[in-house]
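Using the sequences and the hints, build the whole thing.
Residues per chain are reported as follows:
There are 2 protein chains.
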Amino acid sequence: AVGEVWLVGAGPGDPDLLTFKALRLMQQCDVVLHDRLISPQVLDLVRRDARRLFVGKARSQHAVPQEQINAELVRLAQQGLRVLRLKGGDPFIFGRGGEEIDTLMAHGIPFQVVPGITAASGCAAYAGIPLTHRDHAQSCVFVTGHARKDGTLDLHWDQLARRGQTVVVYMGLHTLPALCAELIVHGLPPQWPAAMVEEGTSPSQRVVVGTLGDLPQRVEAAGLKGASLLIVGEVVRLREHLAWNAGGVKDA
Amino acid sequence: AVGEVWLVGAGPGDPDLLTFKALRLMQQCDVVLHDRLISPQVLDLVRRDARRLFVGKARSQHAVPQEQINAELVRLAQQGLRVLRLKGGDPFIFGRGGEEIDTLMAHGIPFQVVPGITAASGCAAYAGIPLTHRDHAQSCVFVTGHARKDGTLDLHWDQLARRGQTVVVYMGLHTLPALCAELIVHGLPPQWPAAMVEEGTSPSQRVVVGTLGDLPQRVEAAGLKGASLLIVGEVVRLREHLAWNAGGVKDA
Chain W
1 AVGEVWLVGA GPGDPDLLTF KALRLMQQCD VVLHDRLISP QVLDLVRRDA
51 RRLFVGKARS QHAVPQEQIN AELVRLAQQG LRVLRLKGGD PFIFGRGGEE
101 IDTLMAHGIP FQVVPGITAA SGCAAYAGIP LTHRDHAQSC VFVTGHARKD
151 GTLDLHWDQL ARRGQTVVVY MGLHTLPALC AELIVHGLPP QWPAAMVEEG
201 TSPSQRVVVG TLGDLPQRVE AAGLKGASLL IVGEVVRLRE HLAWNAGGVK
251 DA
Chain V
1001 AVGEVWLVGA GPGDPDLLTF KALRLMQQCD VVLHDRLISP QVLDLVRRDA
1051 RRLFVGKARS QHAVPQEQIN AELVRLAQQG LRVLRLKGGD PFIFGRGGEE
1101 IDTLMAHGIP FQVVPGITAA SGCAAYAGIP LTHRDHAQSC VFVTGHARKD
1151 GTLDLHWDQL ARRGQTVVVY MGLHTLPALC AELIVHGLPP QWPAAMVEEG
1201 TSPSQRVVVG TLGDLPQRVE AAGLKGASLL IVGEVVRLRE HLAWNAGGVK
1251 DA
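Line order of the protein sequences matches chains W and V. Numbering of the first sequence is given in my numbering, commencing with residue 1 and proceeding in unit increments. Numbering of the second sequence is given in my numbering, commencing with residue 1001 and proceeding in unit increments.
None of these hints come from the bench; they were simulated from the model. A hint or two may mislead.
Said to hold, decoys possible - Residues from chain V that face chain W, not an exhaustive set, calculated with beta carbons under 8 Å:
1) THR1103
2) ILE1117
3) ALA1125
4) VAL1143
5) ASP1150
6) THR1152
7) ASP1154
C-beta: ideal position from N, C-alpha, C; glycine also.
What follows is the structure, encoded as structure tokens:
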């Protein structure tokens, strides 16, 4: 009999932010495919005797290409296994969940998708930066800062460089200087608030607050290296105003 | 001694999507302030002997105005109580969490913010509509469809009426005809895919799929009335392609 695949969002890092549904499936699976965005504390909660397959992907050293992950999910399910595809954050927000279920459907493999807390929500709450606010941000846009093969960014700058909204950039650490520069070129002032949250919601969370003009230097000075989320907009200032000090989380 | 306030995201409806952190605080509070977006199944999980305060808000009959909720949180915490402010979805995405913590900070009340799964994530996963997809949506924007007092919508249409992105509209049921019309006026084709998800993630979830041109009639014909989320973009088509049939959730 064919098995099934559970595409599960593990949230932003803190195991306390797992959902009941996620944990239940984690404790029922035969095999788990996970990547480097899954914290060891979360992975520890997977059923002890489930096989663990690490499928990457660190930047610029994709341990296993996406096509191969898709094929592996199918292969394992066809062996009758209950396959857990555990993803950081939410599978349908920059999680490539859509591509994985495309393949599963094409092969007639039963599957379930379980949403998780996306990094934007987790980092916002743990860093004290509301993503929307009646007075400062009536909308919120999520983009990825991942560069194309030629090193450039494929973003609609005129759409992002606007007041009255919050821009959240996933995977923007390595393109931060270009991101900030383009937003200034397209009309936001160099004094526009921006913050980078590293390892958001984890005990090692660090928050670097600055402006489009100085954030790249501040982030470099702080030596951020881990998974990081960029938040751009006036809501960042609310954090300072609030003298945020939640749960002992420290600023960089 | 002063108490504290826990601003907790309860997620989109399914109690199985509560986080461990949310449930723990729900079981420790002395009093809970909740609104109509909290499902009875979730409210049932709050500590039995906690006092329950319903603070609205149904559309156009705001049971308790926001300023009064803010003041109530302060008043209860000053009595030394552990106050749970339980919110549908995520407190920092259209949850007015920013305004509530403004007030708490001004009064020196200790507080915590716990993120929840926002409606966009929950509805996407349970309706089979990825919010981002390498081929169809490289970004995702969240706005609110709540009308101003004069009945008009305060949205940047040129920014929303674009290909290659997914637009999610919270609270857009009552302004759906205007939303669709404006998106067409600003350049999206009438055939552009759009879906409305009612009571997303709950057992009574209904999904109405159509286009900008016909969704308002379809939604009216289906008689959607409950909390609804609008998703606009090519990703909606993936759902049909996928012949989605997750967990017995039915289409309208």
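Comparing the hints with the structure gives:
1. THR1103: 11 Å, violated
2. ILE1117: V/ILE1117 check passes; min Cβ-Cβ to chain W is 5 Å, inside 8 Å.
3. ALA1125: Hint on V/ALA1125: holds, closest Cβ of chain W at ~4 Å, below 8 Å.
4. VAL1143: Nearest chain W Cβ about 4 Å off; hint holds.
5. ASP1150: 16 Å, violated
6. THR1152: Violated, about 14 Å.
7. ASP1154: 7 Å, holds
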